[in-house]
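Going from the sequence shown to the numbering used here is simple: count from 1 and add 45.
Hint data in this document are derived by calculation from the structure and do not stem from the laboratory. For clarity, every value in this text was computed on a predicted model and none was experimentally measured. The beta-carbon is built from N, C-alpha and C at its ideal position, and this holds for glycine as well. The reader is advised that the hints may include incorrect statements.
If you anchor each label on the Cβ, the simulated ranges turn out as follows [what the hints assert, rightly or not]:
| hint | residue 1 | residue 2 | range |
| --- | --- | --- | --- |
| 1 | Q136 | A182 | 41 to 51 angstroms |
| 2 | L239 | A67 | 23 to 33 angstroms |
| 3 | L145 | A241 | 38 to 48 angstroms |
| 4 | Q136 | D104 | 30 to 40 angstroms |
| 5 | H178 | R134 | 20 to 30 angstroms |
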Amino acid sequence: MNAPLNEQELDELQALLDAVPAPLEPLDVSMLDGFLCGLLLQPVRVPTSRWLPHITDADGRALPSRFDATRLHDLALRRHAELNDAISRRQWFDPWVFELEGEEDEPSEVDAVYPWVAGFATAMELFPELMRHDAQALTEPLALLYRHLSPDDLEDADELLEEIDSLEPPEDLAEAVEGLVRATLLLADVGRPLPAPTAKRAPPRRR
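Please construct the entire structure, taking both the sequences and the accompanying hints into account.
Listed below in structure tokens is the structure:
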């Protein structure tokens, strides 16, 4: 398995995304991370050729031929592999969520998870196979994620909104991030259930 991206490579990935020319609208690294998690929860593997264009443009428009995306794609694929390994083994992972710098309107520190959740929601919109599963099984983990979105973004989702209203808001950013991971692994149980353990057969009895 490829090594996880280090801090320098993470900064490099963000710089490469920032260099994508207009009018294309690339994801940032936090949105990319949520997007990859959304991809990896799908019941059927999404081919790389289908999702890779969406990291350099939300609508999947093609990059200009002069733009060399080789390194950008390599870094994104390494993170994809790292997340896939964690999710398939139901292991904790560290989402790419970063504290917000001071702004005029003094946002809550919990708002730092919004780009990650927005990236996840983008994946669900583009690749909706998971959302066609049992709604009851999806409601609780989706509420843990989508409580960070505006209710206006959740149309025709009364049960989900009701579940969100029943949740206590996270006390701090650490708790909010923990909720992202918990929700991801719960959704993995729906979209990518682990194989049932095979029962050991008793040895044949001697006569």
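Cβ-Cβ distance between Q136 and D104: within 30 to 40 angstroms? holds (33 angstroms)
Assuming the hint says 20 to 30 angstroms, is it satisfied by the Cβ distance from H178 to R134 or not? Given range 20 to 30 angstroms: holds, Cβ gap about 21 angstroms.
Falls inside 38 to 48 angstroms, the C-beta gap from L145 to A241? Cβ of L145 to Cβ of A241: about 43 angstroms, so the range 38 to 48 angstroms holds.
Could you tell me whether the CB distance from L239 to A67 stays inside 23 to 33 angstroms? The hint (23 to 33 angstroms, Cβ to Cβ) is violated, given that L239 and A67 are roughly 44 angstroms apart.
Per the hint of 41 to 51 angstroms, is the separation of the Cβ atoms of Q136 and A182 within bounds? Violated, at about 21 angstroms.
Against the hints set out earlier in the document, violations occur for numbers 1, 2.
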